[in-house]
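Since chain A is already given, all that's left is putting chain B on it; use the hints.
Sequence lines, in order, name chains A and B. Mapping of the first sequence onto my numbering: residues 1 to 113, in sequence order. Mapping of the second sequence onto my numbering: residues 114 to 228, in sequence order.
Derived by calculation from the structure, the hints in this document are not laboratory data. Check each hint, because a few of them may be wrong.
Heads up, simulated SDA-like pairs for lysine to any residue below, C-alpha to C-alpha not over 20 Å straight-line [stated by the list, open to error]:
id, chain 1, residue 1, chain 2, residue 2
1, A, K70, A, T24
2, A, K42, B, D137
3, A, K2, B, L152
Here are the chains, one letter per residue:
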Amino acid sequence: QKEVEQDPGPLSVPEGAIVSLNCTYSNSAFQYFMWYRQYSRKGPELLMYTYSSGNKEDGRFTAQVDKSSKYISLFIRDSQPSDSATYLCAMSDRGSTLGRLYFGRGTQLTVWP
Amino acid sequence: DTGVSQDPRHKITKRGQNVTFRCDPISEHNRLYWYRQTLGQGPEFLTYFQNEAQLEKSRLLSDRFSAERPKGSFSTLEIQRTEQGDSAMYLCASSPGGSSYNEQFFGPGTRLTVL
Numbered sequence: 001q002k003e004v005e006q007d008p009g010p011l012s013v014p015e016g017a018i019v020s021l022n023c024t025y026s027n028s029a030f031q032y033f034m035w036y037r038q039y040s041r042k043g044p045e046l047l048m049y050t051y052s053s054g055n056k057e058d059g060r061f062t063a064q065v066d067k068s069s070k071y072i073s074l075f076i077r078d079s080q081p082s083d084s085a086t087y088l089c090a091m092s093d094r095g096s097t098l099g100r101l102y103f104g105r106g107t108q109l110t111v112w113p
Numbered sequence: 114d115t116g117v118s119q120d121p122r123h124k125i126t127k128r129g130q131n132v133t134f135r136c137d138p139i140s141e142h143n144r145l146y147w148y149r150q151t152l153g154q155g156p157e158f159l160t161y162f163q164n165e166a167q168l169e170k171s172r173l174l175s176d177r178f179s180a181e182r183p184k185g186s187f188s189t190l191e192i193q194r195t196e197q198g199d200s201a202m203y204l205c206a207s208s209p210g211g212s213s214y215n216e217q218f219f220g221p222g223t224r225l226t227v228l
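This is chain A alone, in the form it adopts within the complex (with noise of 0.2 Å):
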């Protein structure tokens, strides 16, 4: 079992929709919890970055962590075509790894018009 699980889609919604993300985890010493965009051919763009448990918003954007549960999600609201993307979590603990990242498959997103 990897340490991070990430439903890889294909996600396909219509412009408009809310589209929830989301990713679990086994290590409970995750801390630190981003999620990330990445267009095709292209390096990862860092979107949200939450510590620990609770909410985080930024524009259209919602990141949620349950730390009880081992669960975080990202929501996208008003999708647009330009959100069309693959999106990572990725998180991290405070150990001697220090800013060491672990990684989901990602979900690759189609926002269609």
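Same frame as chain A, now just chain B:
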């Protein structure tokens, strides 16, 4: 452009050849990371530098792989005697020190194809 840059963007080589990739981090970021990403998978950690010191190497980094970061600025990743299984996207990321150390900013990657 003040982001992370990588060179080359694409590399095609024959099995058994050596290849070297370069990464230039964001200025004043003292942490630099290398990851490898294969098709349909998320990036996997390879190694990490704080300034010029290489602090950790993943088990994925076999003895055919070597990374350096002289003077704590740019970094190079060399793969010797390439194998077809080395075909992947090699990503470099950098982050600042202090409390923001987990905010890693990625470069565009070097896509390696081993024939």
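Cross-check of the supplied hints:
The suggested pairing of K70 of chain A with T24 of chain A holds, with an alpha-carbon distance near 6 Å, which does not exceed 20 Å. The hinted pair formed by K42 of chain A and D137 of chain B meets the criterion: a straight-line CA distance of about 16 Å does not exceed 20 Å. For the suggested pair K2 of chain A and L152 of chain B, the alpha carbons sit about 17 Å apart, so the restraint of at most 20 Å is met.
Violated hints: none; the structure is consistent with every hint.
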